[in-house]
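Each chain, letter by letter, is given below.
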Amino acid sequence: MAEASAKPGAALVTGASRGIGAAIARALAADGWPVGVNYRSDKDGAEAVVAQIESDGGRATVLPGDVADPAVPDQLFESLESTYGVPVLVLVNNAGVAADNLSPSLTDEEWATVIDTNLTAAFRLTRRALKSMMRARSGRIVNIASVVALRANPGQSNYAAAKAGLISFTKTVAVEVARRGITVNALAPGWIDTDMTADVSKDLLAAVPARRAGTPEEVAACVRFLVSDQAGYVTGAVLTVDGGLAA
Amino acid sequence: MSTVTNEQVETRVVEALASFGPDPSQITRDATFEELDIDSLDLVELAQIVEDEYGVVLKGEDMKELKTVGDAVDLIVSRA
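Just so you know, the protein sequences line up as chains X and S, in that order. So for the first sequence, my numbering puts the first residue at 21; every next one is plus one. So for the second sequence, my numbering puts the first residue at 3; every next one is plus one.
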């Protein structure tokens, strides 16, 4: 609870029931942010994240909803803002899905699902977040991209396209709103030990200069920095957290 | 929403525009947004304020037509 102090707003972390999102939610709560723990299907996981945050002395609430549903962003913001009575001043677009397939075999559905959740949902959530952030002259948006946006990984052309789109979206929005005191940055995690990478071939690990997988906590630490007051001059940046994979 | 007067809207618009930087004394009905250094992002924020407070939805194409402070006030009053 090093930096814990009363915050003027709340933090929304999408896809926070497990993995990287859960670690980010815990880290922001430890800094004093009341956190909305969004989940789509893993209710038990989300409730466990909230329970742990509360037992550590933080504040958090579960926020169900599939971010790919166009109606959900407004619902999440209204629910979180009414729960804590403050605007959402931190948004972490973390929710993501993968539907891997080699491009010749990739279906329209696999393409659309991945673009909808990883890219379009982040746009809608960002659009909604900027309303209150612009009025507050303050805000932090962190988009969780991926190293595959920077370095090809066969079988993930849809995921790579969505994450590369997310990086370009990040840079453009960052420039648009910079003078409102809002920063918008992207993280590009490499191989992180989560459910999402459990089924991926371990061969890829041999290409990681650090020769090991990263942890969700190592990604969360970077989000924690980008959200902090100290990072106020960092915007439009892409921070790789990949053990050197993209270097 | 027909109870909103021109003066009320003008006062609110001037207050909002002043929060974007220009000196309040320069924000007259005839002042252009260009003269006031009010850019497109400022107008987007003005549109949000107007929507929140008067329930008037101003779209991007509405805002593009606006040249002066008076244009904005007249448009908002006509829709309120």
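Derived from the structure by calculation, the hints contain no laboratory data. Treat the hints with care, as some may be off.
DSBU-like, lysine-lysine: derived pairs with alpha carbons at most 30 Å apart [as the list claims (entries may be wrong)]:
hint, chain 1, residue 1, chain 2, residue 2
1, X, 27, X, 63
2, S, 69, X, 27
3, X, 151, S, 61
4, X, 222, X, 151
5, X, 27, X, 151
6, X, 151, S, 66
7, X, 222, X, 27
8, X, 191, S, 66
9, S, 69, X, 151
10, X, 191, X, 151
Now for the hints, and whether the structure bears them out:
no., hint, result
1, X:27 <-> X:63, "27 Å, holds"
2, S:69 <-> X:27, "39 Å, violated"
3, X:151 <-> S:61, "14 Å, holds"
4, X:222 <-> X:151, "43 Å, violated"
5, X:27 <-> X:151, "18 Å, holds"
6, X:151 <-> S:66, "19 Å, holds"
7, X:222 <-> X:27, "41 Å, violated"
8, X:191 <-> S:66, "24 Å, holds"
9, S:69 <-> X:151, "23 Å, holds"
10, X:191 <-> X:151, "18 Å, holds"
Comparing the model with each numbered hint stated earlier shows that hints 2, 4 and 7 do not hold.
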